[in-house]
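J.: Quick note, the sequence shown lines up with residues 15 to 272 if you use my numbering.
Think of the hints as simulated: they come from the structure by calculation, not from any bench.
Every value quoted in this text rests on a predicted model; they were computed, and no experiment measured them.
Each residue gets a CB set at the ideal place from its N, CA and C atoms; glycine is no exception.
One should not assume that every hint holds.
Simulated DEER-style distance windows between Cβ atoms [unchecked claim]:
#1 G116 x A64: 36 to 42 angstroms
#2 M53 x L136: 37 to 43 angstroms
#3 R201 x S238: 43 to 49 angstroms
#4 A236 x L136: 34 to 40 angstroms
#5 P147 x H204: 36 to 42 angstroms
#6 R201 x T175: 29 to 35 angstroms
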Amino acid sequence: MNKAAQAVLSKVPEVTLTFWLIKIAATTLGETGGDSVTMTLQWGYLAGTALFLAALVALVIFQIVANKFYPFLYWATIIASTTFGTTMADFADRSLGIGYAGGASILLACLLAVLALWYWSLGSISVDTVATPKVEVFYWAAITFSQTLGTALGDWMADSTGLGYEYGAFVFAAGLAVVAAVYFWTRASHVTLFWIAFILTRPLGATVGDYLDKPVKDGGMALSRPIATAVIAAFILVCLLILPQRAGKHPSQSEKMA
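Start from the sequences, fold in the hints, and give me the full structure.
T.: This is the structure:
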């Protein structure tokens with residue numbers, strides 16, 4: 015494999031503890047950032063969704079045409095997907111009246127359809143195979159649906175079950191701990207576990223974000239949404255500057271671990 019091909023195949027980060035740390039922070043930022051636009055600035059869910067969709071489409075295009083892995087570009091795209099996921103899920107659940115359970119069901123069906131089409135078309139849904147524009151389109155579509163699904167799940171867990179934001183976050187954190195245990199101590203598919211973990215980090219971030227900025231009477235801490243967003247953004251920036259960010263391995267050099 016020549017160097018040009020290797021560069022194309024190295025446009026997503028290696029999945030390490032650093033990856034998951036930044037991912038959880040990014041999902042929390044998506045919640046507070048999305049709420050800042052739709053609620054604090056009073057844009058509403060429809061206008062907020064349109065804004066973040068435009069940003070997401072532009073960043074995905076930049077990501078696809080890039081010739082190698084750029085950490086700041088990649089994580090900016092992830093943040094755009096998670097803020098879009100926040101506003102889109104809120105628009106569907108609340109403005110359209112679908113409800114949390116209905117929205118989560120539709121989004122789960124969409125995610126499974128994308129993953130099935132990706133697998134049918136290319137024979138794998140491993141992140142190690144993100145090598146061509148076609149695969150990147152599948153990848154970012156799956157990422158976006160998983161982020162939106164995660165928002166709906168977080169809202170459903172916090173509101174519909176009565177657990178609230180704090181205990182809802184504990185439930186999703188426990189779910190991630192179970193996934194980690196299965197990853198390390200069983201032979202379960204690492205690709206499947208990756209997507210499960212990717213979905214679960216979103217409602218974890220959503221419930222934490224809601225806990226930070228929702229009113230006290232609703233079970234939150236009533237922190238300023240813009241200030242919380244700025245603090246989390248600064249944390250992500252520091253992580254990107256001081257923690258290692260390496261491109262993912264070439265499929266032929268890895269063991270298909272997602």
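J.: Determine for every hint whether it applies to the structure shown.
T.: Cross-check of the supplied hints:
Between G116 and A64 the Cβ separation comes to about 22 angstroms, which falls outside the hinted range of 36 to 42 angstroms. Restraint check, M53 to L136: a C-beta distance of roughly 40 angstroms satisfies the suggested window 37 to 43 angstroms. At roughly 47 angstroms, the beta-carbon separation of R201 and S238 lies within the given 43 to 49 angstroms, and the hint holds. Remark: the range hint 34 to 40 angstroms for A236 to L136 is contradicted by a beta-carbon distance near 47 angstroms.
In this structure, P147 and H204 break the distance hint of 36 to 42 angstroms, their C-beta atoms being roughly 25 angstroms apart. A hinted range of 29 to 35 angstroms holds for the C-beta pair R201 and T175, which are about 33 angstroms apart.
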